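Student: One letter stands for each residue in the lines below.
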Amino acid sequence: MNRRFLYLVERNFLVWRKLLVPSLIANLADPLIYLLGLGFGLGALVGNVDGRPYSTFLAGGMLCYSTLNSASAEALYSAFSRLKVQRTWEGILHAPMTITDVVVGEWLWAAAKATLSGAAILAVMYGFGFARGVAPLAVLPVLFVVGLCFSGVALIMTTLARGYDFFTYYFTLLITPMGFLSGVFFPLHQLPGPVQRLAWLLPLAHAASLARGLTLGDAMARPWLSVAVLLGYGVAGVCLAAWIARRRLTK
Amino acid sequence: MLTPPETPAAPRLDLPPVPAELPAATAAQPAPMLRVEALRKVYGGRAVVRDLSISVRRGECFGILGPNGAGKTTTLRCCLGLTRADGGAIELGGLPVPEAARVARYRVGVVPQFDNLDPDFTVTENLVMFARYFDIPGRVARERVPRLLEFAGLADRAGARIDQLSGGMKRRLTLARALVNDPDILFLDEPTTGLDPQARHLIWDGLKRLVAGGRTLILTTHFMDEAERLCNRLCVMDEGAIIAQDTPRGLIERLIEPVVVEVYGEGVAGWAARHARALVERLEVTGETAFCYMHDPEPLLAMTRREPALKVLRRAANLEDVFIKLTGRDIRD
Chain A
45 MNRRFLYLVE RNFLVWRKLL VPSLIANLAD PLIYLLGLGF GLGALVGNVD GRPYSTFLAG
105 GMLCYSTLNS ASAEALYSAF SRLKVQRTWE GILHAPMTIT DVVVGEWLWA AAKATLSGAA
165 ILAVMYGFGF ARGVAPLAVL PVLFVVGLCF SGVALIMTTL ARGYDFFTYY FTLLITPMGF
225 LSGVFFPLHQ LPGPVQRLAW LLPLAHAASL ARGLTLGDAM ARPWLSVAVL LGYGVAGVCL
285 AAWIARRRLT K
Chain B
3 MLTPPETPAA PRLDLPPVPA ELPAATAAQP APMLRVEALR KVYGGRAVVR DLSISVRRGE
63 CFGILGPNGA GKTTTLRCCL GLTRADGGAI ELGGLPVPEA ARVARYRVGV VPQFDNLDPD
123 FTVTENLVMF ARYFDIPGRV ARERVPRLLE FAGLADRAGA RIDQLSGGMK RRLTLARALV
183 NDPDILFLDE PTTGLDPQAR HLIWDGLKRL VAGGRTLILT THFMDEAERL CNRLCVMDEG
243 AIIAQDTPRG LIERLIEPVV VEVYGEGVAG WAARHARALV ERLEVTGETA FCYMHDPEPL
303 LAMTRREPAL KVLRRAANLE DVFIKLTGRD IRD
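Protein chains in written order, with the numbering used here: chain A, 45 to 295; chain B, 3 to 335.
Extracted from the complex, chain B is given alone in its bound form (with noise of 0.2 Å):
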């Protein structure tokens, strides 16, 4: 599965036809690949995007980090011009969008939320019948199927119907037929959800690959660990706005204490208020766990050690921390 290229970066593969109303001067442009400005999306008088402005240059991996309805999709569908904008300015590889979204779609590929593969087709079909939508002739399209399933662990499937893959496989071939036009820059939504934790490294294998080979990845998670392994910077939306921006370790040097113990037991709520407050910078109690964040936390774990009841982790704080501090515990649905 994924197995490795011929070369140590993806292998570009051979360019489509670049239509003609392409600005050619995109490929070298040192100009960002997507620019938003002051984006602005109201649903029903709510803003479900307020005022959000990101840059992503050539060849990063920008994460969109946010809980449930925090805007990441509608933010994308926005870059892509296929959601009218209330507000704000989008460049998308040079292009202004929605007004040139259709041309600029010709160097992007897209990993939707939900697949929507063709599943009148086979495999091989839907790969082939995707690139002729980017007018890519169906022989040229027929000689990249090859490599693509490759690239997807799909070699053996080429006949398969849709509905004899499995969610990872529907996956890695949705990634594979966003990828018939040799594209720029990718955008995934939430790329992994729903997704065994071998499927997942199976498709971020892949992502790293098109990050080396030098592809720019958009991609929304709420998968913290997705995050930090992937992205180079990411920014945490909440209600529709940026509340953070940088790199993964930026984040948490800048916005948490670096460790963080974590205390469980019956109980645990009263001997936290009682003997921890005092030892660490921050607690957070739910349920029957006491979080514990700090610079030293020898005096606190010397202090349970007196607690025989009580199970302890200490371990480095880590962006899903940065994200439940920013985001807060309560659910959003």
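Here chain A stands alone, though its shape is the one from the complex (with noise of 0.2 Å):
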């Protein structure tokens, strides 16, 4: 087994060390004003909901969709850039490196950065109390998994690319829509019984489930289940990405 798609984790991390203040910033600061927005402003008018505070429930999908985002975020424009703007993928392909190990180094950093994203938002649960104990650090494993399944979906964006414009598609026509079925924002009971089952279909519903389970206590339907349908959509989507770049790049 090869483990040289760790030279491209390696590359990352070095640079994301270059970068680490303003990145961890924005890790905490775009996550907290949801909470802060969202969660007290409109939780004063939503009042409870499953038996607990708006932004208790709030914070509970905010830990999945931040994890999703930096996840998307990593995995699409910084990919990209490194790929086509950059020339940084050309460069490392000049090396005794395959396409393979370069995209599975991507897949992997994604989603250790996403994981870092939704570890700071675990930190900001238990700063306003929403977690407590040891037990809701069983949810960081989780939030890995979580931005394997999403940085494998969007590495197909970024392997299929010519330009940043198709990203915006994908975010508006998918990740968001997808945000809204899949109880991250309101519970998913809300929505008619055909849209619950094709929430279900989908990973985010899986990944909410899992981080409300563990973090908050919640029932969990299927967590194994749950967990095979995110590896899945990552493994699928990692698999698919490098066989895109393959044809691609060797044209």
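Derived from the structure by calculation, the hints contain no laboratory data. Just so you know, these numbers come straight off a predicted model, no measurement behind them. Careful, some of the hints might be misleading.
DSS-like cross-link-like pairs, simulated, lysine-lysine; straight-line CA separation at most 27 Å [said to hold, decoys possible]:
1. K128/A with K172/B
2. K128/A with K295/A
3. K62/A with K172/B
4. K172/B with K210/B
5. K62/A with K128/A
6. K313/B with K327/B
Among the chain B residues that face chain A by a calculated CB cut under 7 Å, a handful are [as the list claims (entries may be wrong)]:
7. T85
8. R86
9. R107
10. V112
11. N118
12. D120
13. P121
14. D122
15. M131
16. R134
17. Y135
18. F136
Cβ coordinates follow ideal geometry from the N, Cα and C atoms, glycine included.
Mind docking these for me? Both chains are given alone in their own frames, and the hints should help you get the complex.
Tutor: In structure tokens form, the structure reads like this:
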């Protein structure tokens, strides 16, 4: 088993380390604004959701949504700039590295970075007292799986894209609707039955279910199935992305 | 800049740990460093490389010349296993490509046509990180950096960001980066395109030292002076095929008349048609210039003395004349 993909993870980590402070602030600020704005503003109108304050409910969803956003941004915009704009991938491929090494490295890196974004939300949840004790820490490996899921799918877009514009469609047509269908901002059971069944085919509903289950102690329907769905999307995504990249780059 | 090394030939850097898969015999083999047979590459039904065969020996500098779109870059990419060929066989450092291309690249350095230095890293970080892709430990890579920077004339720029470098410095850093793994064979795709004369000479000095140090170079260029200066042997490509292959001297001697007289001035076309045609072996007129090719220029020169309005330049035929004769004067885009 080769571990050459780790060189790409190492490269991205070293670059990330240089921009550590702005990166961490961005990780925290964006979801914090959502939590404060929606959680306390909208929460005052909504009152309790599923037997707890809206801000607590929302925090469980934001944990996934922030991980999703971070994984997508890294695997779409950052990876694309390395592929196309900076020609970083091209340079690496002149060394004894393969396209698969590069794509797998990007995948794992984006998931790791996304986990950190999720962890920042978890820290906020501890800060507000939404999460207590050590049990919620079990969500961290799940956040990594959530990161693998969405960076894998995003890499398909990255390897297909001809420009950054393409990613706007991905967010507008796929990610944002999925966000509203998956129980992030309001409980899934508010939606009509057929829509709920559709939502369970998408990965984000599984991510939200696991996140609330592990951090807030909600009942989880079929946790291992949820993990399998997330991993399935992620692995299928990265395999397809590597295949597309091989076809496009070795043409 | 590009200071002379301590030893007459370019110093070999200490070798990176050789990966286990690499055949141990490569270094000692008298077999060609690169062997390409009947290479063929088709894009959208059009053959961009046609029946191309070359063989490059160890220590040779081999040039691939050709106008834009002749298939030079595609040929290099196929040799490195970065582009799938549609036919033919390639052996790089004794290993079949593309099957073993990744392993073959342990002994290869690449200077691509467009710089792809990592803008997120400094000069030193670029070299160290690139060495990591060759399984070279960071400690070993950092030890190598000063010699590489010295070779590239960038010793005082070790901590600079990439966007602080001039075009020539980026090119030299790219060359230094191609040497982090102490390669046997270097592929250079138009290494001096876009550089000013000073920067080009610095690169040439570096390349000559690499050849003197026993490395094999394969370079594409459309600068004839570059090819004439650096290459032991070269081929001229046009529309995907090799149309001539020899030493620079051999090409000039075989393919073209030895003396060129360039005549410029108003009405030169009419003058050439009336008077020069009979005195030269080959005549080409473009715009206000007549290129007269021949063995004995004296009768023509005597004739031009009677036309004081015309400016005359007599020179030996060079590679550019060969290239123009082979590929024509039309613009290629």
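Student: Decide, hint by hint, whether the structure agrees.
Tutor: Hints, one by one, checked against the model:
Restraint check for K128/A and K172/B: the C-alpha separation of about 19 Å stays at or below 27 Å, so the hint holds. Between K128/A and K295/A the alpha-carbon distance is near 15 Å, which keeps this suggested pair within the 27 Å criterion. For the given pair, K62/A sits about 22 Å from K172/B by alpha-carbon distance, which is consistent with the 27 Å threshold. This hinted pair checks out: K172/B and K210/B have alpha carbons roughly 19 Å apart, not beyond 27 Å.
Distance restraint check for K62/A and K128/A: the Cα-Cα separation of roughly 22 Å lies within the 27 Å cut-off, and the hinted pair is therefore satisfied. Between K313/B and K327/B, the direct Cα distance comes to roughly 23 Å. Compliance with the 27 Å bound is thereby established for this hinted pair. The closest approach between the C-beta of T85/B and any C-beta of chain A is roughly 6 Å, which is under the 7 Å cut-off, so the hint is satisfied. At its closest, the beta carbon of R86/B sits 5 Å from a beta carbon of chain A; the interface hint therefore holds under the 7 Å criterion.
With 7 Å as the threshold, the beta carbon of R107/B comes within range of chain A, its nearest partner Cβ sitting at about 5 Å, so the hint holds. A distance limit of 7 Å between C-beta atoms decides the matter here; for V112/B the minimum to chain A is near 4 Å, and the interface restraint holds. Contact between N118/B and chain A, as hinted, is supported at the beta carbon level, the nearest pair being about 4 Å apart and thus within 7 Å. Hint status for D120/B relative to chain A: holds, with the closest Cβ pair at about 6 Å, below 7 Å.
Because the smallest distance between the Cβ of P121/B and any Cβ of chain A comes to about 6 Å, under 7 Å, the interface hint for this residue holds. Look at D122/B: its Cβ gets to within about 4 Å of chain A, closer than 7 Å, so that hint holds up. For M131/B, the interface hint holds, since its Cβ comes within 7 Å of a Cβ in chain A; the closest pair sits about 6 Å apart. For R134/B, the interface hint holds, the least distance from its beta-carbon to any beta-carbon of chain A being 5 Å, beneath 7 Å.
Annotation: interface hint on Y135/B holds; nearest CB of chain A at approximately 4 Å, less than 7 Å. Taking 7 Å as the C-beta contact cut-off toward chain A, the hint placing F136/B at the interface holds, the least distance being around 6 Å.
Taken one by one, the earlier hints all hold for this structure without exception.
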